[in-house]
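Protein chains in written order, with the numbering used here: chain A, 1 to 275; chain B, 1 to 275.
In short, the hints are calculated from the structure, not lab data.
Keep in mind that the hints are not guaranteed to be accurate.
Copies of the same chain look alike in the list, so a pair counts if it works inside one copy or between any two.
What the hints assert, rightly or not - Listed next, the in silico EDC-like pairs over lysine to aspartate or glutamate satisfying Cα-Cα at most 20 Å (straight line):
(1) Lys203 / Glu164
(2) Lys203 / Glu130
(3) Lys160 / Glu125
(4) Lys203 / Glu275
(5) Lys274 / Glu125
(6) Lys127 / Asp243
(7) Lys160 / Glu130
(8) Lys274 / Asp119
(9) Lys127 / Asp167
(10) Lys160 / Asp12
(11) Lys203 / Glu125
(12) Lys274 / Glu135
(13) Lys160 / Glu222
(14) Lys274 / Glu116
(15) Lys203 / Glu141
(16) Lys274 / Asp243
(17) Lys274 / Glu130
(18) Lys160 / Glu141
There are 2 protein chains.
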Amino acid sequence: MDMNRDFAHPFDQAVALAPVTPERLRGHTSEDYWNMVGPYGGITAAVMMQAMMNHPARRGSPLSFTINFLAAVEAGEFFVDTELLRANRTNQHWSIRLVQGQPERVLAQAMAICAERRDTWGLVEAKCPEVPPAERCSPSEPRRATGFLQRYQFRFVRGKPFEENPDSLSHVWVSDVPPRPLDFASLTALCDSYLPRIFLRRKEFVPIATVSMNIYFHAGAEALARHGAAPLLTVAQAQAFSDGHFDHQGQVWGRGGNDHDTLLATTHQMVWYKE
Amino acid sequence: MDMNRDFAHPFDQAVALAPVTPERLRGHTSEDYWNMVGPYGGITAAVMMQAMMNHPARRGSPLSFTINFLAAVEAGEFFVDTELLRANRTNQHWSIRLVQGQPERVLAQAMAICAERRDTWGLVEAKCPEVPPAERCSPSEPRRATGFLQRYQFRFVRGKPFEENPDSLSHVWVSDVPPRPLDFASLTALCDSYLPRIFLRRKEFVPIATVSMNIYFHAGAEALARHGAAPLLTVAQAQAFSDGHFDHQGQVWGRGGNDHDTLLATTHQMVWYKE
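Hey, can you work out the whole structure from these sequences and the hints?
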C-alpha cells in the first residue's frame, strides 16, 4: 500500500491508518493539512471518522459525529482508539479518541452513531439558497502559501472575511484540491472549513480555535457517491459571540440529480476567540 | 440529606447523586420524570450534567454538552462515571457515561466542556422572536396524566402538534412545574422538552426517540441565576426528515433585565422516527 502513497490524493495520505489492533490504528500527521500550530481540525476529525469507517465491526453509515478538541496534536505519529459501546440491529454507538505521546494524552475525543438508512416518509424543510453555479463564481486566492487552506478551493458568494458584512451568514462553494470523490471522511473534514464567523463581523484578525464540532448526516453513502467530486455549497451563520466563544450552525448542500439541492449534512461548532 | 427528600423539588430528587468514588456517583431513576418506556431523555442528560457539576475537580461553567442515547435506562439504580480527560487554565474536557446492570452496560455517553467565561467583545446575532409574554399565553393541558410531561408547563405560541402547520418552527414558553430557579442541570433537561418536529408536520402519531442531543451554553451561572424561575422561550425548527431520522435546531431565551432577550443556549438533536 505504501508503494502507492506518492500517487494518492493528499487527503487519502492524511487519513491513512495502519492497524495495531482492531481497536487501535496508527496514523501520522500530514503537512498538506497543517494549520498554524497543529493539524487542521477538520483533518483530525476526518482521521477519527476514518478509523471508525475502517473498523471491521462497523455497519451502516454515519448519522451523527461530534468531536471535542482537547489540545493541539503534534507533528508525527498518533493513535486512534475506537470503541463500539453498543450495537443493535440498526444502530451502532462509538466512542473514538486520538492519543499521542508518552505517557499517552487524549488530544481529541469523539462520539458517533452509525445507522442503517431506511426508506421512510421524508421532507427537507431547509431551503438551499439561490446562488450562481460554482463555475460562475471566481475562486478566492489561498490565504496562505502552505497548509490546509491550499487543499480547498473556496468561491465566496456571500460573506467576505474582514469586510463589512450585514451579518455572519455566508454562502461559499468549497471543493477539495485536487478534486476528489466525496466520502464521509472528506465531508467530515470539510465541515470544519467554514470561515470563523468572527472574521465576518470584525475587520481585524483575532486568534480562534474550534473547541467542539457536531455533524448530523442527512444522506447515505449512495448520495455522497452520486455527488462525486463537484463543489459543495456551504452555508453558515453564528447565533452568538459571548464571553470568549461563538457558535455557528451550518449546512452542506450537494448535487442531487443535476443540481445542488441535496442536504448532505448540518453542522454546528463552538469556537474559542481571543480578546 | 435523605430526610429532606420528600420536601425537595422533584427535579432535585431526580438528579440527586451519592458519591461511590470521586469518579462514580450513584443515582436512581425518577417516576416523576418517567417517559413511556424509560426515563425522559432530558432527565438522563441532566443527571449526567449534574454528576459533572458535582465533581470536586470541576471548574468554570458548562460551554458545550453532547449526549448520545444508547438504550433505554431501566427503572432503578444507575451509576454515572465522570472522567476529566484534560484541564488547562481555562478549559476542562469531560467524558461522562451512565451505566446500569450486571454486567454493566453503557446506556448513555456524553462529552462536555467547562470554561471560565471571560469578558470580551460580544454580539448576539440571533433575534428573539416577538411573542406575547408568557402570562398572556394559556398553558396547554398536559398530554398525559403521569410522567415528565406533568413536570413542564408549555404555552404554545406558534406550532401546534398534530395540526396543519406551514413548517416545523415552534415558539413555546416552558417552565418547570412547580417553578424552580434555573441552573445548568435544569436547562439541560429543558433542552430535550421540545415537541418532536415530526408531530408538527404530520397529523398522526409516530414513535420517535432522540438519539443525540447537543447543547452550547451562551451564558454563565450568573445569567441563569438572574433568570430565576421564570418561563423560558424555546424556539426550534427541523432542517430535514430523511431515512428514518430528523434533526432540529433550537434556541432557549431567558430574561436579561426585565424581558426575555438573553440567549442562554442553542441546541440540536437527531431523532429516530418510525415508518
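Review point. Of the numbered hints stated previously, which ones are contradicted by the structure, given in increasing order?
Key: 2, 10, 12, 13 and 17
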